[in-house]
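Trainee: Kindly produce the complete structure, drawing on both the sequences and the hints.
Protein chains in written order, with the working numbering: chain A, 1 to 331; chain B, 1 to 341.
Don't take every hint at face value.
[Claimed, not checked] Partial pick of chain A residues on the chain B-facing surface, computed with a CB cut under 10 Å: (1) 62; (2) 115; (3) 120; (4) 257; (5) 301.
[Unchecked claim] Heads up, simulated DMTMM-like pairs for lysine to aspartate or glutamate below, C-alpha to C-alpha not over 25 Å straight-line: (6) B:279 - A:167; (7) B:279 - A:209; (8) A:41 - A:85; (9) A:41 - A:167; (10) B:160 - A:206.
[Unchecked claim] Among chain B residues calculated to face chain A with C-beta under 8 Å, some are: (11) 136; (12) 138; (13) 177.
In short, the hints are calculated from the structure, not lab data. What you are looking at is a predicted structure, and each value in this text was computed from that prediction instead of being measured. Ideal placement from N, C-alpha and C gives every residue a C-beta, glycine not left out.
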Amino acid sequence: MRKLLGQHEFYLAMILTVLVIAIGLANPAFLTRANLFDLCKSSTVMGLFALGVLIVLTSGGIDISFAAIGAFSMYVTSRLLLAVDFQGSVWVAFLLASLIGLALGLFNAVSINVLRLPTLIVTLGSASVFRGFLLAFIGTSIVNRLPAGMIAFSRRTLFEQTLATGETIGLSFSFVLYLLAIVAVAFVLRYTLLGRGIYALGGNAEAAERVGFNLRRVQFFIYGFVGLLSGVAGLVHACTMRNANPFDLVGTELSVIAAVVLGGASITGGRGTVLGAVLGVFLIVVINNSLILLGIPSYWQKVATGGVIIASVAITAIRKDGVRHAAASWR
Amino acid sequence: MRQMSDIQTDCDRRPTAWSVLSRHHLVRLLLVTTTVFILMGVLNPGRFLTWRNVTSMGFQFPELGVFALAIMLSLITGGIDLSVIGVANLAGLAAAFILVRSDGQPCPWCIPAAICAALLASVTCGLINGVLIGYLHITPILATLGTMQLFTGIAFVLTKGQAVAGYPETFQRLGNGAVFGVPLPLLIFLGCAAIVQVLLARTSLGLRLQLLGTNPVAAVYSGLRIRRLLLRTYALTGLLAGVAGLIVISRTNAAKADYGSSYLLQAVLVAILAGVDPKGGFGTVWGILLAVLALQSLSSGLNMLRFQPVIGTYINNFTKEFTWGVLLLLVMALNRRARAT
Numbered sequence: 001m002r003k004l005l006g007q008h009e010f011y012l013a014m015i016l017t018v019l020v021i022a023i024g025l026a027n028p029a030f031l032t033r034a035n036l037f038d039l040c041k042s043s044t045v046m047g048l049f050a051l052g053v054l055i056v057l058t059s060g061g062i063d064i065s066f067a068a069i070g071a072f073s074m075y076v077t078s079r080l081l082l083a084v085d086f087q088g089s090v091w092v093a094f095l096l097a098s099l100i101g102l103a104l105g106l107f108n109a110v111s112i113n114v115l116r117l118p119t120l121i122v123t124l125g126s127a128s129v130f131r132g133f134l135l136a137f138i139g140t141s142i143v144n145r146l147p148a149g150m151i152a153f154s155r156r157t158l159f160e161q162t163l164a165t166g167e168t169i170g171l172s173f174s175f176v177l178y179l180l181a182i183v184a185v186a187f188v189l190r191y192t193l194l195g196r197g198i199y200a201l202g203g204n205a206e207a208a209e210r211v212g213f214n215l216r217r218v219q220f221f222i223y224g225f226v227g228l229l230s231g232v233a234g235l236v237h238a239c240t241m242r243n244a245n246p247f248d249l250v251g252t253e254l255s256v257i258a259a260v261v262l263g264g265a266s267i268t269g270g271r272g273t274v275l276g277a278v279l280g281v282f283l284i285v286v287i288n289n290s291l292i293l294l295g296i297p298s299y300w301q302k303v304a305t306g307g308v309i310i311a312s313v314a315i316t317a318i319r320k321d322g323v324r325h326a327a328a329s330w331r
Numbered sequence: 001m002r003q004m005s006d007i008q009t010d011c012d013r014r015p016t017a018w019s020v021l022s023r024h025h026l027v028r029l030l031l032v033t034t035t036v037f038i039l040m041g042v043l044n045p046g047r048f049l050t051w052r053n054v055t056s057m058g059f060q061f062p063e064l065g066v067f068a069l070a071i072m073l074s075l076i077t078g079g080i081d082l083s084v085i086g087v088a089n090l091a092g093l094a095a096a097f098i099l100v101r102s103d104g105q106p107c108p109w110c111i112p113a114a115i116c117a118a119l120l121a122s123v124t125c126g127l128i129n130g131v132l133i134g135y136l137h138i139t140p141i142l143a144t145l146g147t148m149q150l151f152t153g154i155a156f157v158l159t160k161g162q163a164v165a166g167y168p169e170t171f172q173r174l175g176n177g178a179v180f181g182v183p184l185p186l187l188i189f190l191g192c193a194a195i196v197q198v199l200l201a202r203t204s205l206g207l208r209l210q211l212l213g214t215n216p217v218a219a220v221y222s223g224l225r226i227r228r229l230l231l232r233t234y235a236l237t238g239l240l241a242g243v244a245g246l247i248v249i250s251r252t253n254a255a256k257a258d259y260g261s262s263y264l265l266q267a268v269l270v271a272i273l274a275g276v277d278p279k280g281g282f283g284t285v286w287g288i289l290l291a292v293l294a295l296q297s298l299s300s301g302l303n304m305l306r307f308q309p310v311i312g313t314y315i316n317n318f319t320k321e322f323t324w325g326v327l328l329l330l331v332m333a334l335n336r337r338a339r340a341t
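Mentor: Put into structure tokens, the structure is as follows:
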């Protein structure tokens with residue numbers, strides 16, 4: 001029990017529960033099955049991105065190009081498949097998008113390894129390269145007619161149910177992809193040497209190198225994997241929206257990072273859990289969703305997320321302030 | 001990381017014009033800037049190298065330059081201020097709310113009051129950042145990421161997403177007027193640059209900032225009051241952002257909650273191009289001057305090329321974004337090579 005009380009995820013779950021009950025009391029529409037399915041669907045794309053961000057943050061880096069990678073993979077995949085009039089399975093689209101994402105992620109990894117500069121600034125540059133390339137050389141028009149496989153995928157649901165109103169609701173199938181990704185990332189971080197390497201790199205890079213981790217290889221995995229996940233997330237986004245808009249996704253980076261930080265991941269590395277990140281994403285999605293349901297104008301959204309981020313990191317900082325005199329904490 | 005001795009020799013040396021120019025990075029940067037300038041002149045014969053274009057550039061880049069100065073100060077201490085654009089827009093709004101009050105009637109106190117309100121708002125925002133970073137020990141990236149959302153959000157709530165426009169003509173002159181042919185915003189930027197230069201090169205505060213960025217552990221043990229130092233840095237960063245905000249609203253005659261979001265990337269790009277060490281400790285105002293000129297020439301030059309196809313494609317705003325990103329990565333790669341040799 002004491003172990004439970006000491007955990008960040010526990011507090012997060014408590015806050016989430018209280019919030020859900022409070023909103024449910026204020027507006028019963030919040031707790032309907034339809035809205036819960038909707039929340040799950042909304043948290044899928046953000047959650048997929050967040051899993052990638054979690055890995056990067058845990059390793060002590062920061063990647064803000066993931067949204068640009070997602071938009072790039074999603075748009076290029078859709079345009080390519082349309083160009084060849086592809087009629088086959090959606091999994092080909094996913095394969096293509098994740099390969100494009102992987103390639104862009106590896107571009108990040110190479111840049112970071114060559115430049116040896118803060119990852120924030122490197123990925124700031126690569127993000128504008130990806131986005132600029134996409135919009136300047138590939139296209140700016142929205143693809144409204146997606147390949148048949150992607151449309152079919154977006155219609156696929158689980159736990160289908162027909163309401164009294166005649167409306168059919170169900171859990172979007174893409175949520176299964178999210179669950180798979182959660183299990184995969186949790187497995188890698190917890191049970192593999194690679195995962196330990198990621199924590200070690202974030203905790204103390206020099207110590208990690210001395211105990212024999214090949215840091216370069218770990219970094220290539222991290223940024224490549226983030227790219228791959230972002231590609232998948234981008235395609236899920238296109239399927240959900242039923243169009244491929246090259247202007248989408250970019251601009252959401254900071255709320256994803258905020259969600260992961262909210263979930264207890266340390267931005268200086270070495271700390272972070274999948275459960276925390278998933279809860280953090282859900283909290284942000286609930287806040288955004290509830291503002292609408294509670295009738296609060298949407299321009300309050302930024303204030304709410306900004307306030308939540310600051311409060312959360314401030315509380316974390318105050319709780320661990322035993323190290324006040326360690327100069328490293330001023331970095 | 002630079003050693004203490006480097007800093008000391010830098011400070012012992014009197015910054016004569018020649019010693020400033022002979023520092024390797026600045027010479028390289030001068031070459032880059034000149035190349036970009038000449039290249040754009042060659043690509044746009046008879047249009048780029050005209051008095052009209054040069055003055056129009058002089059009206060455009062000061063905002064970016066002031067943002068870059070602000071980012072440089074935060075980078076020198078080893079942090080970063082991502083909230084500058086949010087602060088500028090909020091400060092601009094504070095001024096705009098007072099300015100639109102006058103509503104056509106002459107209002108002698110409105111303009112000074114508006115300027116004071118903007119600067120006060122921006123310093124307050126900066127102090128909030130400083131408290132979060134210095135006193136609560138939140139990592140600068142995170143703290144300013146949060147306040148960026150917060151400030152932009154507050155601006156959205158205040159305006160409900162609409163522009164607050166229409167100011168007295170006297171105020172608009174601040175961003176559109178000229179003295180003896182020199183654009184006023186350029187003069188404001190040069191003023192800010194001079195102040196930052198004096199601060200960094202001639203005051204003990206500047207020296208302490210650089211020490212903090214170079215080696216925070218040493219800074220703690222040499223008895224620097226880090227919290228106050230960080231508080232002042234971010235207050236100053238905020239103040240500069242506020243000045244940029246004033247230039248923006250007087251030039252465009254409107255204040256908006258989400259103006260200029262692409263400025264953040266550009267300002268970081270200018271600072272890195274200028275040779276500011278993103279790990280802290282080093283940065284020069286001369287670098288910022290050259291880098292902002294290079295970026296503006298590139299930007300204006302590409303704008304002129306917009307209506308003719310280049311290598312089979314038309315140039316648009318996204319070509320610029322792409323070019324900036326490539327430039328940022330390229331310059332970092334070059335700096336890396338220079339450091340390695």
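Trainee: Taking the hints in turn, state whether each one holds.
Mentor: Here is how each hint holds up against the structure:
1. 62: 7 Å, holds
2. 115: 5 Å, holds
3. 120: Where the cut-off is 10 Å and the nearest Cβ of chain B is about 6 Å from residue 120 of chain A, the hint holds.
4. 257: It holds, given that the least Cβ distance between residue 257 of chain A and chain B is near 7 Å, below 10 Å.
5. 301: Interface hint status for residue 301 of chain A: holds (7 Å vs cutoff 10 Å).
6. B:279 - A:167: 56 Å, violated
7. B:279 - A:209: Holds. Residue 279 of chain B to residue 209 of chain A sits at ~21 Å (cutoff 25 Å).
8. A:41 - A:85: With Cα atoms ~28 Å apart, residue 41 of chain A and residue 85 of chain A exceed 25 Å; violated.
9. A:41 - A:167: Holds: residue 41 of chain A and residue 167 of chain A sit about 17 Å apart, inside 25 Å.
10. B:160 - A:206: Distance of about 50 Å is beyond 25 Å: violated.
11. 136: This hint holds: residue 136 of chain B lies near chain A, its Cβ roughly 5 Å from the closest one there, short of 8 Å.
12. 138: With a minimum Cβ separation of about 5 Å from chain A (threshold 8 Å), the hint on residue 138 of chain B holds.
13. 177: For residue 177 of chain B, the interface hint is violated, since the closest Cβ of chain A sits about 33 Å away, which is over 8 Å.
The structure does not agree with the numbered hints 6, 8, 10 and 13 stated previously, though it agrees with the rest.
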